[in-house]
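Colleague: Below are the chains, spelled out letter by letter.
Protein chains: 2
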Amino acid sequence: MALRWPESISELVNQLSRLPGIGEKTATRLAFFVLDQDAAYADDLAGALVTVKAKIRRCSACGSLGEEELCDICTAPERDRTSMCIVESFADLVAIERTGEFRGLYHVLHGLIRPLDGVGPEALNLPAIAQRVEGLGVREVIVATDPSVEGEATAMYIRNLLDDDVAVTRIARGLPMGGEVEYADRATLGRAISARERLG
Amino acid sequence: MALRWPESISELVNQLSRLPGIGEKTATRLAFFVLDQDAAYADDLAGALVTVKAKIRRCSACGSLGEEELCDICTAPERDRTSMCIVESFADLVAIERTGEFRGLYHVLHGLIRPLDGVGPEALNLPAIAQRVEGLGVREVIVATDPSVEGEATAMYIRNLLDDDVAVTRIARGLPMGGEVEYADRATLGRAISARERLG
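Chains as they are written, first to last, in this note's numbering: chain A, 95 to 294; chain B, 95 to 294.
The hints are simulated quantities; they were obtained by calculation from the structure and are not laboratory data. There's no promise every hint is true.
Within a straight-line C-alpha distance of at most 27 Å, the following computed BS3-like cross-link-like pairs (lysine-lysine) qualify [claimed, not checked]:
1) Lys119(B) to Lys119(A)
2) Lys119(B) to Lys149(A)
3) Lys149(B) to Lys119(A)
4) Lys147(B) to Lys147(A)
5) Lys119(A) to Lys147(B)
6) Lys147(A) to Lys119(B)
7) Lys147(B) to Lys149(A)
8) Lys147(A) to Lys149(B)
Residues from chain B shown here face chain A by an in silico Cβ test under 10 Å; the list is partial [claimed, not checked]:
9) Gly117
10) Thr120
11) Phe127
12) Asp132
13) Asp138
14) Val146
15) Gln225
Here are some of the chain B residues that sit facing chain A, going by a computed Cβ distance under 10 Å [said to hold, decoys possible]:
16) Arg123
17) Leu143
18) Ala185
19) His204
20) Ala289
Ideal placement from N, C-alpha and C gives every residue a C-beta, glycine not left out.
All chains, full assembly: derive it from the sequences and hints.
Modeller: Now the structure itself:
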């Protein structure tokens with residue numbers, strides 16, 4: 095007779111295994127950790143999971159995440175309303191905010207155009223951009239999607255979506271700070287050379 | 095103004111960060127994954143966490159985990175009741191069951207003796223062993239704790255706890271199968287030589 099794993103443990107391992115980067119082995123370790131803790135921990139984590147889904151909503155203006163109708167950035171009077179940064183996800187927005195280099199508004203797409211997966215512009219928070227740019231009088235749109243095939247395609251789509259009098263820019267692509275020319279991949283190094291910048 | 099992370103997201107990241115091996119960065123990635131899924135996933139995971147804590151109990155005989163008063167192994171008529179394997183945790187029990195090399199009963203300690211952390215034998219499922227061994231008429235007790243300082247100390251404690259007419263054995267310690275002599279650590283290789291086995 096093989097050991098029958100208790101049903102409620104298997105179920106927890108299954109649910110934990112659905113998390114990205116968590117295989118069955120790690121899920122099992124996490125499940126045993128939860129079993130070893132007071133019931134309060136399982137309750138707190140369970141509560142946090144349910145609460146986050148109940149409370150978090152998309153900002154009705156930019157699509158960022160928050161607990162109110164409009165997000166903190168859209169309602170902040172000191173943000174520059176003539177500049178808009180377009181990102182794939184809220185996580186990308188947070189990463190850019192941390193740099194402190196951008197003081198304008200955001201627009202969160204919640205994905206990239208992926209024709210092969212059947213994800214077109216209308217499946218994303220993309221069609222609203224043109225009207226928002228016009229309404230706010232945005233003069234520069236910075237497209238900060240990943241430098242991937244989908245990220246570049248989405249950037250081109252946005253360029254074509256907007257009037258020519260709006261400056262559409264793309265985040266710089268090249269060698270990462272601290273990177274080494276010797277170990278850079280060919281695409282990155284090629285890009286770094288073709289998009290070289292004049293000094294002084 | 096720095097970006098104020100929505101309260102319910104911070105709370106979920108905090109709770110996830112308490113899991114072993116999950117830092118703040120991974121917890122953030124997991125939280126965004128949960129946000130991207132249907133609410134059903136958060137509900138299912140939350141339910142599994144609460145259910146596992148509510149349903150799982152220790153077997154009143156051996157201390158293994160299950161959903162009944164007695165575990166499947168203690169109630170299985172075909173298990174050899176003259177042989178008992180002592181393990182630190184349910185996870186260790188599962189690992190040994192997977193080998194298919196042991197057909198007796200278990201006894202789960204739920205920890206090892208750690209005097210420096212104030213964990214003595216009475217804090218573990220240890221005092222019950224002597225009575226259980228006598229009651230069942232166990233002839234061999236295999237101590238399968240880790241080959242660590244605490245694991246060895248716990249094994250010695252168990253040897254002293256039991257009558258001399260009970261054979262107390264220890265799982266073999268030596269080079270792992272597939273290991274290489276050249277790369278073995280000194281303690282393991284020293285042990286492998288001093289505990290060498292006669293061939294043929």
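Colleague: Compare the structure with each hint and give your call.
Modeller: Evaluated hints:
This hinted pair checks out: Lys119(B) and Lys119(A) have alpha carbons roughly 20 Å apart, not beyond 27 Å. Under the criterion of a C-alpha separation no larger than 27 Å, the hint pairing Lys119(B) with Lys149(A) is consistent with the structure, at around 22 Å. Restraint check for Lys149(B) and Lys119(A): the C-alpha separation of about 22 Å stays at or below 27 Å, so the hint holds. As the CA atoms of Lys147(B) and Lys147(A) are separated by approximately 22 Å, the hinted pair is consistent with the 27 Å bound.
Taking the CA atoms of Lys119(A) and Lys147(B), the gap is about 20 Å. The hint holds against a cut of 27 Å. Taking the CA atoms of Lys147(A) and Lys119(B), the gap is near 20 Å; set against the 27 Å cutoff, the hint holds. Our distance criterion of 27 Å between C-alpha atoms is met by Lys147(B) and Lys149(A), whose separation comes to about 26 Å. This hinted pair checks out: Lys147(A) and Lys149(B) have alpha carbons roughly 26 Å apart, not beyond 27 Å.
Given the 10 Å rule on beta carbons, the hint for Gly117(B) is violated: about 12 Å separates it from the nearest Cβ of chain A. The criterion of a C-beta within 10 Å of any C-beta in chain A is met by Thr120(B), whose closest approach is roughly 7 Å, and the hint holds. Proximity of Phe127(B) to chain A holds as hinted, the smallest CB-CB distance being about 5 Å (cut-off 10 Å). A cut of 10 Å between beta carbons decides the hint on Asp132(B): the least distance to chain A is about 9 Å, and the hint holds.
About 6 Å separates the beta-carbon of Asp138(B) from the nearest beta-carbon of chain A, less than 10 Å, and the hint is met. Hint status for Val146(B) relative to chain A: holds, with the closest Cβ pair at about 5 Å, below 10 Å. For Gln225(B), the suggested interface contact is broken, since its CB lies about 25 Å from the closest CB of chain A, more than 10 Å. Using the Cβ-Cβ criterion of 10 Å, the hint placing Arg123(B) at the interface with chain A is satisfied: the shortest such distance is roughly 7 Å.
A hinted interface residue such as Leu143(B) counts as satisfied when its beta carbon comes closer than 10 Å to some beta carbon of chain A; here the least separation is about 4 Å, so the hint holds. This hint holds: Ala185(B) has a C-beta 5 Å from the nearest C-beta of chain A, less than the 10 Å allowed. Because the closest C-beta pair between His204(B) and chain A is about 8 Å apart, less than 10 Å, the hint holds. Because the smallest distance between the Cβ of Ala289(B) and any Cβ of chain A comes to about 29 Å, over 10 Å, the interface hint for this residue is violated.
In terms of the numbered hints stated before, the structure departs from hints 9, 15, 20, listed from lowest to highest.
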